[in-house]
Structures are given as structure tokens and as C-alpha cells.
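Chains G and Z, in that order, are what the protein sequence lines are.
Read in order, the letters of the first sequence are residues 1 to 115 in our numbering.
Read in order, the letters of the second sequence are residues 1 to 114 in our numbering.
Derived by calculation from the structure, the hints in this document are not laboratory data.
Note that the structure is a prediction, hence the values are computed from the model and not measured.
Glycine included, every Cβ here is placed at the ideal spot set by N, Cα and C.
Check the hints yourself; a few may be wrong.
[As the list claims (entries may be wrong)] Here are the in silico distance ranges between beta carbons for each label pair:
id, chain 1, residue 1, chain 2, residue 2, range
1, G, 38, Z, 60, 18 to 24 Å
2, Z, 42, G, 60, 21 to 27 Å
3, G, 113, Z, 81, 34 to 40 Å
4, Z, 20, G, 56, 31 to 37 Å
5, G, 40, Z, 98, 26 to 32 Å
6, G, 80, Z, 54, 31 to 37 Å
7, G, 53, Z, 43, 38 to 44 Å
8, G, 70, Z, 111, 44 to 50 Å
9, Z, 58, G, 8, 37 to 43 Å
10, G, 111, Z, 113, 28 to 34 Å
[Claimed, not checked] A few chain Z residues facing chain G, derived, Cβ under 7 Å:
id, residue
11, 43
12, 44
13, 45
14, 47
15, 50
16, 101
17, 104
18, 106
Listed below, chain by chain, are the residues.
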Amino acid sequence: DSGVTQTPKHLITATGQRVTLRCSPRSGDLSVYWYQQSLDQGLQFLIQYYNGEERAKGNILERFSAQQFPDLHSELNLSSLELGDSALYFCASSVELENLQETQYFGPGTRLLVL
Amino acid sequence: AQTVTQSQPEMSVQEAETVTLSCTYDTSESDYYLFWYKQPPSRQMILVIRQEAYKQQNATENRFSVNFQKAAKSFSLKISDSQLGDAAMYFCGLSNFGNEKLTFGTGTRLTIIP
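With the rest of the complex left out, here is chain G (with noise of 0.2 Å):
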């Protein structure tokens, strides 16, 4: 168990609808980090933020969106979803020191299937 935790495990929609998929890092860290994986674009970064406010963004949609909140916990919002956008949805989470890199531990993940 990596200590962070993402809800739902499992999500079934429709297209065109919208998601919310929620992140908690592990005590003490304020980055946390999305990633998309998928079958035809691999595992992808999407956004990171750090202790509230957006440090980094990857490949992510227009359509997708994300905060982190004053507690830390982190969601990432898609939609108008799309038959593509099925993937499983990492959070990852590493705490920030100066001049160290820190190691990202990764949630479960959630699995979003888009019919």
C-alpha cells in the first residue's frame, strides 16, 4: 500500500458525460501528479500540482481539468467524455525538499471505461 488513495476504483459512463476521479497524497506530501494509461498512448503525464497551486501540465485535454484543494486531496475533472478517453487514471503523490528529487508513490488508480 503506497498510501495514496483514489476513488472511484471503477467508473462506467457515457459518452459525452462528465467525471470526477479524487486523489488523496500521502500524509505530508503536497505534490501530486496525474497520469493517463492507455492502450495506444501509453502511460502519459497529464498535470501536477503543488500545495495548491498548478506547477506542471503534460498532455492534458482542454476538456480535463484539475485542482488540488487546502487539504491536499486533488480531483481531476473530465468531460464531454469520449470513447479514447477509457483509461486507467494514476494519481501519484512525492513530498518536496530542496535541491532532492522525491520519488512519486502511485494510488491504485481508477478505471474509467467510457461506452
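Given chain G, work out where chain Z should sit, using these hints.
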């Protein structure tokens, strides 16, 4: 841009034997970190080992060790005394210091033969 290449989509090894998974990478940064993550059938991403680029000594974690060749931009994972529980997808990852996002390779599926 940084890239990670895993050229072996699948590997297999007899139980108790040793296997090496290959990874090459490219980055323009001088300060970076390399990782191997394991993804068993449960799909959980589990850290196996990490290596700081500024360290010359190869990282070791129990039966797992790496061969880090900085000049060749190569980062292979050696698994000794392979066990059935080692069966998984293995992903090589790279992050540049100050830009913490992980870039992953396409993975190597490791099968353990009893």
C-alpha cells in the same frame, strides 16, 4: 524533450534465474533521476528502484540492481533469483530535476517460468 525507450516488449526467465531488462533514454539535462516501476496484474504501479544521475554507484535493492551507463544513456534492471511474484510489466521512467514529471517507456512484460 525527454524520451525513454524500452526495446524489449516481452521477456521470460526461468524461476531462480537472472534476467536483465533494457532501457535507454535521452535528455538534455545534466541533473536527472531514473526509476524502474513494476505493474503487476493488479495494475498498481510499484517503485522498484531509483538512481540519481549524479551518483556513479549503481543502485541496489535486494534482488534488484541497475547498470547505469550515463555516457551511453542506458539504465538496465537486473533481477536476480527470479520469483513468480516478479511477473509483471516493468516501466523505466525519467524525470529531470526541477521538472518532476515522469516520462515512461512503453514497458517490458516479464514472464516467470516455473
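For each hint, the structure was consulted:
Checked against the hint of 18 to 24 Å, the C-beta distance between residue 38 of chain G and residue 60 of chain Z comes to roughly 33 Å, which is inconsistent with it. Take residue 42 of chain Z and residue 60 of chain G: their Cβ atoms lie about 26 Å apart, and the range 21 to 27 Å holds. Between residue 113 of chain G and residue 81 of chain Z the beta carbon distance is about 39 Å. The supplied range of 34 to 40 Å therefore holds. Under the hint 31 to 37 Å, the C-beta atoms of residue 20 of chain Z and residue 56 of chain G, about 32 Å apart, fit the expected range.
Hint check: residue 40 of chain G to residue 98 of chain Z, Cβ distance near 30 Å, so the stated range 26 to 32 Å holds. The supplied range of 31 to 37 Å is broken by residue 80 of chain G and residue 54 of chain Z, whose beta-carbon atoms lie about 44 Å from each other. Between residue 53 of chain G and residue 43 of chain Z, the C-beta spacing of about 30 Å breaks the proposed range 38 to 44 Å. A hinted range of 44 to 50 Å holds for the C-beta pair residue 70 of chain G and residue 111 of chain Z, which are about 46 Å apart.
For residue 58 of chain Z and residue 8 of chain G, the Cβ-Cβ distance of about 40 Å falls inside the hinted range of 37 to 43 Å, so the restraint holds. About 29 Å separates the C-beta atoms of residue 111 of chain G and residue 113 of chain Z, a value consistent with the hinted range of 28 to 34 Å. At a threshold of 7 Å, the smallest CB-CB gap from residue 43 of chain Z to chain G is about 6 Å, leaving the interface hint in force. At a threshold of 7 Å, the smallest CB-CB gap from residue 44 of chain Z to chain G is about 5 Å, leaving the interface hint in force.
The closest approach between the C-beta of residue 45 of chain Z and any C-beta of chain G is roughly 4 Å, which is under the 7 Å cut-off, so the hint is satisfied. Contact between residue 47 of chain Z and chain G, as hinted, is supported at the beta carbon level, the nearest pair being about 6 Å apart and thus within 7 Å. For residue 50 of chain Z, the interface hint holds, the least distance from its beta-carbon to any beta-carbon of chain G being 6 Å, beneath 7 Å. A distance limit of 7 Å between C-beta atoms decides the matter here; for residue 101 of chain Z the minimum to chain G is near 4 Å, and the interface restraint holds.
The criterion of a C-beta within 7 Å of any C-beta in chain G is met by residue 104 of chain Z, whose closest approach is roughly 4 Å, and the hint holds. For residue 106 of chain Z, the interface hint holds, since its Cβ comes within 7 Å of a Cβ in chain G; the closest pair sits about 5 Å apart.
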